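**Student:** Below are the chains, spelled out letter by letter.
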Amino acid sequence: MITVHNLTKKYNTNTVLNIGHLEIPKGQSFGLVGNNGAGKTTLFSLLLDLIQPSSGHIINNEVQVDQSEEWKPFTSAFIDESFLIGYLTPEEYFYFIGELRGRNKADVDTLLANYADFFHGEILGQKKYLRDLSKGNQKKVGIVASFIGNPEVVILDEPFANLDPTTQIRLKGIIKDLAAKEGVTVLVSSHDLIHVTEVCERIVVLNKGEVVKDIHTSAETLKELEAFFAGSSYQPQ
Amino acid sequence: MFKHFLGLQWKSFYRSASFKTEIWFKILMALGALYFIAVFLGLGFGAYFMIDEAGWGDPLRVVNRFMVYYLTFDLVFRYMLQKMPVTNIKPLLYLPFKKSQVVNFSLGKTVVSFFNWSHAFFFIPFSVVLLTKDYPFAQVVGWHLAMMAIIYCNNFINVMVNNKDAIFYIFAGVIIMAGVSQYYEWFDITLYAQPIFDYFYDMPWTAIVPWALLLVLYFSAFGYFKKHMYLDGGLAKKHTEVRTENLDWLNRFGNLGTFLKNDIKLIKRNKRSRTAVLTGFFFIFYGLLFFTGAIEAYDGPFWKIFAGIFVTGGFLFSFGQYVPSWDSSYYPLMMSQNIKYREYLSSKWYLIIIATVISTILATFYVYFGWEAYAAVLVGAIYNIGINSYLVLWGGAYVKTPIELTSNKKAFGDKQAFNAKTLLLTLPKLLLPMVIYAIGHFLISPLAGYLFVAAFGLMGFVFKERAFKMIEGIYKKEKYKTLLAYKQK
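Listed in order, the protein sequences are those of chains A and B. The letter at position 170 of the first sequence is residue 170 when you use our numbering, and the numbering goes up by one with no holes. The letter at position 135 of the second sequence is residue 372 when you use our numbering, and the numbering goes up by one with no holes.
Isolated chain B (complex conformation):
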């Protein structure tokens, strides 16, 4: 029985369309995974010594203190990224498997997920270091086992609350509040959380508690799934009552308005696009890393331009670079309707421009960090509007993986964003403005650097017609390939 499941699993993995991706991309992915593993390993081995050196106290206690954040971030990441086991259950329902076997297998599958074992790269070396530093064996093992159980608890909590957006947003809100109040020293959640984790070390037998909790969670997840394994139950798509929206105020833009109306609905009504917009929004705060001097490596002058591009270009990167894949599920309609490519592309362009302008306005608070910070933001916006807006549309012509609007699967770092051509196009998007700035900065003055970049962006406006003509040509040339690719879900 189990063999059957494994066989199906293997085939669904091996035969999936996304598996047949370019070889060098696989290498890139592997490198990415190795990078994260290295970071975790580095932290695992290094955390003890770093904390020790900084003199913050007993490294284990310090880790315990911030463990609550570690675990909540883990939960948030899981919520956003971890795939749910319910997929592919449907065809198994009427076959002679016992329901409990199907559920056990599906839940078992989540246990071997990357989201669980990646933590081992931190906890195992950290525990080993503790042992070599003469921490008592039984106590470290107790702590370690407790942590392992808690990571798995997270796994099953995520399985159960998945797709309950309300819970997630409340949870995320509470964490942000906790973080803010800790920063301003109003209320320190870690003081209350730390003793819990300390118990596992001080009294190793208490590690039984998280394991018991894990068992409870497993069985409740099991019961929950078994109870809901009906087509009109947990496997059904959720239906909410919706209303027709007019958005008539956009009619004044003529044909462009027609598309803009549609795009706004696209963004509002689909999980995947909402995530993209949210990601774009968070990019606004990315600049804080640069302008507050939080990370030393980012202190070089041209990094400011890099920040400026990202702060105002969040939407451009998160949404813009997937044009036209957002329309993948009905691309044949778009291609056979009475639509000119030019109008279709301009509507996306305007959407990007509007979002960039809004980001720029929201980013006004960077004035607080001095005129240079805000100049970088403004100049970044001009460059984004003038140059990058064309580049993302251009790159989009080569992005040919359909987007499933209603699921968040692969919302981040999807391989579709990376193919040789789109990767090459990121060079002028990010590096070119930095180079231009650096030339101005080192030859004349910082101000000249900003002016250079802005001038470059403004040049983009002048060549708008030509740029669009070229992009339109590429879209037309790629049309049939794109249609074919979108058919392969």
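So that you can see chain A by itself, here it is in the shape it has in the complex:
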């Protein structure tokens, strides 16, 4: 589904991302972990053509993302609050995204009904603008909005951060289902090793912009990751 070719991103002489080759097959739940500054958000921004690669490129379903906009109809994402429109109510925002993705109100309502649990009665019908919701609730809106319109690729940056425990557990279920039942390629980044190992079939560790581990998740994965991160913090620069 997604192929990364010799991708680098440099700011002046500082290389923040350097990935020779990375292939993510369709329907995989893909986890990206790494410390701050490892390049997770940079990779996601490149996937969404929000920044330009210094060299190399990304192919998303046969579309080269920095050349054509054809990847947009089947790709959706929630990176941060700049993906929300603060002066809309959650409903208006969902309908807006729905219209952009060719879904009418009824379609969107049907989809939202599935997430009533996830919203926990704090999102719909609150008579508030998005900018007035709490950070956690804003995040819920952004995440669910990225599921509108049956995307084939869903990109979520740090989806677990800021969420309450109940919601984290629900979100894990949702992400697993998306990949397993609907064949959606889900890309998730996180600082929480437990969550990613639970949700993702495959975990890639980025360190200073490079892929240092590429693991097919198994019972030992969490231990392996913990050992890596415990060790890496003591590594000399």
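Treat the hints with caution; some may be incorrect.
Restraint ranges, calculated between C-beta atoms of paired labels, are given here [what the hints assert, rightly or not]:
{"hint": "1", "chain 1": "A", "residue 1": "Gln64", "chain 2": "B", "residue 2": "Trp608", "range": "58 to 64 Å"}
{"hint": "2", "chain 1": "B", "residue 1": "Ala685", "chain 2": "A", "residue 2": "Lys127", "range": "57 to 63 Å"}
{"hint": "3", "chain 1": "A", "residue 1": "Gln67", "chain 2": "B", "residue 2": "Phe314", "range": "46 to 52 Å"}
{"hint": "4", "chain 1": "B", "residue 1": "Arg579", "chain 2": "A", "residue 2": "Gly125", "range": "34 to 40 Å"}
{"hint": "5", "chain 1": "B", "residue 1": "Leu695", "chain 2": "A", "residue 2": "Gly125", "range": "45 to 51 Å"}
{"hint": "6", "chain 1": "A", "residue 1": "Gln67", "chain 2": "B", "residue 2": "Lys464", "range": "55 to 61 Å"}
{"hint": "7", "chain 1": "A", "residue 1": "Glu62", "chain 2": "B", "residue 2": "Lys505", "range": "40 to 46 Å"}
{"hint": "8", "chain 1": "A", "residue 1": "Ala161", "chain 2": "B", "residue 2": "His241", "range": "32 to 38 Å"}
What the hints contain is simulated information worked out from the structure, not anything from laboratory work. Just so we're clear, the structure is a prediction, and the values are computed from it rather than from any experiment. The C-beta atom is built at its ideal place from N, Cα and C for all residues, glycine as well.
Starting from the known structure of chain A, fit chain B onto it as the hints suggest.
**Tutor:** Okay, now just chain B, sitting in the frame of chain A:
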């Protein structure tokens, strides 16, 4: 302690993103400030002689008479432009400062604001002139001190009523009514206000009253802020209950409707955009200066075209030239969603066109000033729709400062509107139509001038596709730079 505050202040000023602006823009700003200072100084020195020459009576009394308007306009300007001191208080709350110190510092900061000391350029020279004209020293000083206190009273009134829109609109309404009734001689507020200001001169000791008032205002502002310095109090954002709006009637426009719906909500629900629309509305009346012959310098024939462009283009200039910055806070969303640039741009274009048409209809009253006035308005509208609508969108591609929708900060004369490219683009927006008209006017007749300009505007319609293609290309090219710039709040 105070040193710390000053240090923070200096850093926030020196390190702010907007400080690193182009050098020649700083020069332009400085020139602008100098211009205003010069105007104030000119008035300060000249007012006495002008009034004296015009034979309206004792210059001081005349100034006193209109002082009530001077002060209310000052208050209105402050309300719209002066920044409030509450910003940046939050990180100080839990630090070991005494609350009263923080409040005193914040209020003290407003005292040294441009909005206060700029008045000195009028009052000091005016008072000096009075003294040289043998007005009694003690009385002039009394008057001068009273005025100073009143200007500062305005400062603290503004601090307290800021963000209370209801009060502001009622106040503005009353002033407009007062102005209108004065013009038609129904009721003259100045007759009742003048004695108050005269007292300060006639009985200089009464200057104590405004100073006492100032103290009261300062302490009430102090108390107000101290009491409200909690995250869920004065520092909290206001929440109002809102409802979901459908605007389904716009659905017939397909994808375009989707964006139009959003833009309408954008305008309705954000302070900054509402201000822009309001400014655009007031532009409709700008033409009165030209067509009533109120200002002699504007009597030249091609100034009529200038007026026509502004009367119908208020929205185009106040809102249009900030496209796409209105969407700056969620630009990454727009760029990664299933959106074609063309559709995004056309929706903004249609919005500008609709607003221009509405302005043109509202401006029908210019017929009263003769066919030429209305022809100028109509022709201006055609030129705005045909040519200027593209030019503002084009210029917008280079405007890269994010807009904070919920605050009115920098709503006027922001530096983002001025960079070399956008400035160059104003030439064809304003000067070109004037030149075209002048050619027609002087070679053939005024009518020909109007027809020339209209023809130019109509040509814009023909080239719509090409123009859009070009603008789209520029937006695409600037996309990454724009995204990066919008990230830097």
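**Student:** Any of the earlier hints contradicted here, and which numbers?
**Tutor:** none
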